[in-house]
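Student: The residues making up each chain are set out below.
Protein chains: 2
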Amino acid sequence: MTNAFHYKLLKTDGGARLGEVHTPRGIIRTPAFMPVGTAATVKAVYVDQLEAAGADIILGNTYHLMLRPGAERMARLGGLHTFMRWRRPILTDSGGFQVMSLSKLRKITDEGVAFQSHIDGSRHMLTPERAVEIQCLLGSDIQMQLDECVALPASRDEVARAMERSIAWAKRAQIAFGAQLERGGAREGQALFGIVQGGTELDLRVHSAQALAALDLPGYAVGGLAVGEPQDVMLATMQVATQHLPSEKPRYLMGVGTPLDIIESVARGIDMFDCVMPTRSGRHGQAFTWNGKVNLRNAAFAEDMRPLDPESSCPAARDYSRAYLHHLVKSEEYLGAMLLSWANVAFYQELMQAMRAAIAEGRFAAWAAETKARLTRAEK
Amino acid sequence: MTNAFHYKLLKTDGGARLGEVHTPRGIIRTPAFMPVGTAATVKAVYVDQLEAAGADIILGNTYHLMLRPGAERMARLGGLHTFMRWRRPILTDSGGFQVMSLSKLRKITDEGVAFQSHIDGSRHMLTPERAVEIQCLLGSDIQMQLDECVALPASRDEVARAMERSIAWAKRAQIAFGAQLERGGAREGQALFGIVQGGTELDLRVHSAQALAALDLPGYAVGGLAVGEPQDVMLATMQVATQHLPSEKPRYLMGVGTPLDIIESVARGIDMFDCVMPTRSGRHGQAFTWNGKVNLRNAAFAEDMRPLDPESSCPAARDYSRAYLHHLVKSEEYLGAMLLSWANVAFYQELMQAMRAAIAEGRFAAWAAETKARLTRAEK
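Residue numbers (this note's numbering), protein chains in the order written: chain A, 1 to 380; chain B, 1001 to 1380.
What the hints contain is simulated information worked out from the structure, not anything from laboratory work.
None of the values given here were measured: they were computed from a predicted structure.
By construction, the Cβ of each residue, glycine as well, lies at the ideal position given by its N, Cα and C atoms.
A few of these clues could be false.
[What the hints assert, rightly or not] When the alpha-carbon atoms are kept at most 25 Å apart in a straight line, the in silico BS3-like pairs for lysine-lysine are as follows: (1) B:Lys-1330 / A:Lys-104; (2) A:Lys-330 / B:Lys-1104; (3) A:Lys-330 / A:Lys-11.
[Claimed, not checked] Simulated restraints, written as ranges between beta carbons of each label pair: (4) A:Asp-203 / B:Pro-1310: 30 to 38 Å; (5) A:Ala-151 / B:Gly-1228: 53 to 61 Å; (6) A:Asn-298 / B:Gly-1121: 20 to 28 Å; (7) B:Pro-1310 / A:Leu-215: 26 to 34 Å.
Isolated chain A (complex conformation):
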């Protein structure tokens, strides 16, 4: 037995892959969806509920955590797992994406990105090395390299420059991670993933994927997608990128997405996903179900005594009436956000479980066609 981080490909079915990511903190069954625990909590959901829903891994946001409570403080408190009472693996992003979307007065150079906190205006510097160090202090099981994610649309030159910089940063991150392993800041079994960039320029994506593959990192993400481009563009870009990534490593599509996005991406060989959609939608009165998205604000539910899904294993979806959920949402009660976030997190896990079962049984294409039709029909 080895403690080493590794991916085990169990079965393929068309482009879809059934696998396991092995970490010292547990096995991640793939395809996997990672609920987003931005500030050391998956918003409005208890960790026990995440576990019971079948989440093998959650995501933490380095940008938020480095600002509050702070990386060094988190280390003194025993790391993110202890802090938030989550025992299974955690993946942290590098902070780069949210520096670009949330911080003030940011300035990017080859060295890294300087920015001011959106919370208190304090000044910070994120370099590839510091991003690794912070993620070591948080204690994450899977780290992401610092990358530069340009907002689309952008010129090809700009996209190319950011992509090249991201490759250079991947190399620096890899060296920094190795140094952390040497001196005990990282432990065996923890992993650093590279991030393919290149906007929607297919040749740039190929170049990025090949350059990163040459680094022999333990896993790869496709970044910079699902930022507003049409789904077919996203899928085509992602597919080109993954074709140039090694099949023996896990592939993670960052920030994706809707159930339909996820089904299409699994069909194209993606293993891991994260998205705020289940929890954010839950806080806005929307539920994901096997019969499509349900907007609980709708007056039609005011006297609907049916649960969201009587066959769900999640109490939030099974035991409360739509009328009650409607009332809670209309009344802006905490419990509305709590129940719908919980139900949505559970639905996403059910979706992944159903995909894994379909791949295992060699019927993924049929399952996907049927499920897409069901979800699409219901939305109309």
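We have chain A already, so just place chain B on it with the hints.
Tutor: Frame of chain A, contents of chain B only:
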């Protein structure tokens, strides 16, 4: 065996009473604290958590529920218990207090109170008869009569007039409740309580208590207190009122209060309490503990790895560090409000359980002195 609503006085210890309120939905161990479920949810707390914390009864607010989802709608949905999935007894107030504090353009006459909803401006009329009808539609186990609660300070004349009107309304409510029992709108075992009014005028309180006692209602509340008057005034007024209430009926002090208020009131013979304090404080970052009130916003907790109370039976108080709670409160995360509301609701139930045990063992005075000293010392 009778299905009739009744109070069983098990033991007295000085002025303190150990008892049980028997209802068809279960026994309420007294002294009891009722968490407030304003809009068909105890804010940010799951009903399972309330049950596990030992709450035998919760409170619902008629004013909120009659406006949303509406009383007739609630009846069509199977009543408040089914709606919110709470199986144990529910007490509902009459709506009068919140009409005065929340609604717009209210007008009180001997007939009742006309007002406009604070939600949508819709017009409503609450009479003693309609308040009974609404509470029947909600399906509450203990109803409160409609009363008139004047804001203090107020002239003696004004207080006297409101008190007399409240007695008249109690009589009308009793007749209306009897009629509901006849025609099946209320069931055997459900009860209507009267409310003693009279401001801080002791003789008016005596008059009110005697007049209501003469109606032989199944229980009595002391209303119109804990609205800003000093604690000693509240206690003196309450004590005078209770001395003129029958000892074989439960006594409920409405809207009270802090742990110290509750201890003092139990010492003076009160059996039931309700207050938004545990949940409201929880949403504002404050925790009640055996060592006093703890403000989790305080920077001193940023690296405090101790739980709120390692010996608590409540996971929220026992399993999460103060540093984590501090972080959640500072980050305005749902989970902060969820954990602290849960911990506070559980603390209040622990407090009641400790009081019941002390009365049972005939050591309430010593327990109260020790506990008051501990809570007061800690607050300094």
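Student: Please go over all the hints and tell whether each is borne out by the structure.
Tutor: Evaluation of the provided hints:
no. : hint                               : verdict
1   : B:Lys-1330 / A:Lys-104             : holds (20 Å)
2   : A:Lys-330 / B:Lys-1104             : holds (20 Å)
3   : A:Lys-330 / A:Lys-11               : violated (46 Å)
4   : A:Asp-203 / B:Pro-1310: 30 to 38 Å : violated (60 Å)
5   : A:Ala-151 / B:Gly-1228: 53 to 61 Å : holds (54 Å)
6   : A:Asn-298 / B:Gly-1121: 20 to 28 Å : holds (22 Å)
7   : B:Pro-1310 / A:Leu-215: 26 to 34 Å : violated (47 Å)
Violated hints for the displayed structure, listed by number in ascending order: 3, 4, 7.
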